[in-house]
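**Q** Each chain, letter by letter, is given below.
2 protein chains.
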Amino acid sequence: MDASSTGDFTTRLGAIAAETQGLLDRLLGETPEPGEIARPPRLVAAMRHAVLGGGKRLRPFLLVESAALFGVRQDGALLAGAALECVHGYSLVHDDLPAMDNDDLRRGRPTVHKAFDEATAILAGDALLTLAFDLIARAQVHSAPAVRVALSLELARAAGLGGMAGGQMLDLAAEGRFDGKHALSQAEIATLQAMKTGALIRFACRAGAILGEAAPDALASLDRFGVAIGQAFQIADDLLDVEGDTATLGKAAHKDAAAGKATLVAALGVAGAHERLADLVGEAEAALMSFGPKADILRVAARFIAERRS
Amino acid sequence: MDASSTGDFTTRLGAIAAETQGLLDRLLGETPEPGEIARPPRLVAAMRHAVLGGGKRLRPFLLVESAALFGVRQDGALLAGAALECVHGYSLVHDDLPAMDNDDLRRGRPTVHKAFDEATAILAGDALLTLAFDLIARAQVHSAPAVRVALSLELARAAGLGGMAGGQMLDLAAEGRFDGKHALSQAEIATLQAMKTGALIRFACRAGAILGEAAPDALASLDRFGVAIGQAFQIADDLLDVEGDTATLGKAAHKDAAAGKATLVAALGVAGAHERLADLVGEAEAALMSFGPKADILRVAARFIAERRS
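Chains as they are written, first to last, in the numbering used here: chain P, 1 to 310; chain W, 311 to 620.
Bound-form chain P, shown alone (with noise of 0.2 Å):
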């Protein structure tokens, strides 16, 4: 991994965030689809508020990148990688509610409920999932509909009561909400995390991958590379909620930590937990072993997501 493939990684994942802003702003217009009667312009407003705020569309880039590997043209990923950037948006909006995690700022901007109200918020998140389903099944994203119905069947897998829905359901659980705090095991909250944050992030590999019509080995391998990653970036993210400060992070720091929250860093140590890094990003580079350097840009994104200060 030399400079030159670290250059080529932050400009790809800054031309794919370009791309899927450019694309998300045009899909979310006031001017309704066929079959669609009327697009209320507060519910347009507010859906752009969830999903147009930025972020790294970390998502798309594994998707746009995975789809890479088989050759498969990029307008069709990047609508597929919109679809994922709209159920990663409606569960942000939903999460941050004050029933659920009731947080009023989310990345530097007022959440949708703050700059909204909660019924419109929750309209949002609705219609930002449902729009999920809309676009992954579109004939742009692949012209054979046996591969459009295999994402759309994986997404929901991903993202409903099996996969990120039921990790929040999880989270909250483990906080105590519902009868008392609970001390999970290591194993425990390997599941909650590998649902929560894990299930897209995998998604988005299994997705490139379905997207070329891939052979069995090679989806096995970005799945063992999804999951890899999946589990480095959230062993990163709770570091950085333990080693970052307020100022870097543009959030809270310390928050999770002073809430008690179940991690694999309180469970592994910062030391244990930075080793289990580095074991993940060498699982996660093993994965691509069989794709050559074509796959070099997906190494760096490894190394990116364990190693990211933000």
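Read the hints as simulated data drawn from the structure, not as lab findings. From a predicted model like this one, the values you see are computed outputs, not experimental measurements. Careful: at least some of the hints might be erroneous.
Chain P is faced by these chain W residues, among others (derived, beta-carbon under 10 Å) [said to hold, decoys possible]: (1) Gly435; (2) Leu445; (3) Arg448; (4) Ala454; (5) Ser462; (6) Leu463; (7) Leu480; (8) Gly602.
Note that the Cβ used here is the ideal one computed from N, Cα and C, for glycine as well.
Got chain P sorted already, so can you dock chain W onto it with the hints?
**A** Here is chain W on its own, set in the frame of chain P:
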């Protein structure tokens, strides 16, 4: 329309309701499906509370019976109907939330946020909406991926920003939630209702034709039927609120009228609304002309929807 068609209709409505209940019961177990990591029991319980508490299952009935016009086998249509019930169920859970309509009772039982809590209700709604797109993408719905992806796209458009979720947004706005109460024109009320309740009923009828790989004119006929009965459903609902008593309805009567809610009954008067209902039943029946006697059960359904007393 003789007594025997009405008997057939009542029997079929009950049979499809029972099948739908059994199917949802089996689908909402605690064992994860492939691609799911774990199903948190509390979230499963809240989702079950939301969709297993009864209801006429009118949308699955319309979907299954529309599909039957084209000789579609019932198990695929029932699974698509179960997906539609998940969308309907999610919308009730979120609409009942304190930040939305703030209802404590639904079908004589506590609403999900009363039986559980607000955070669980938000997540249960989210997970039901997501599950709908899981179910409708399954191979058991139809052997052709193109059919499943078409259903999924139409369901997303019917349920989202330009359909049901958008309709709820317009309804909250009309109540004066954001910038004062608006007197809506008849056209605006019609748009609101076509989105909030009409879109899913219309989808149910269109979905039957899509499952049946119907010719464009047959799809257009079922579309017209779905639009007419969707309007009839809402007017009948609004008339029930004005004419019904609480004992018969099982919920508070005169609630919408007391809230000064924008309805076509308020705009047309009770007698005018009854006339409009009769016209809509005529339109619905006319739309089914080309199907001959095999559509009799849908003709009875149109009358049932217009004349129901609860």
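**Q** Which hints, by number, does the structure contradict?
**A** 8
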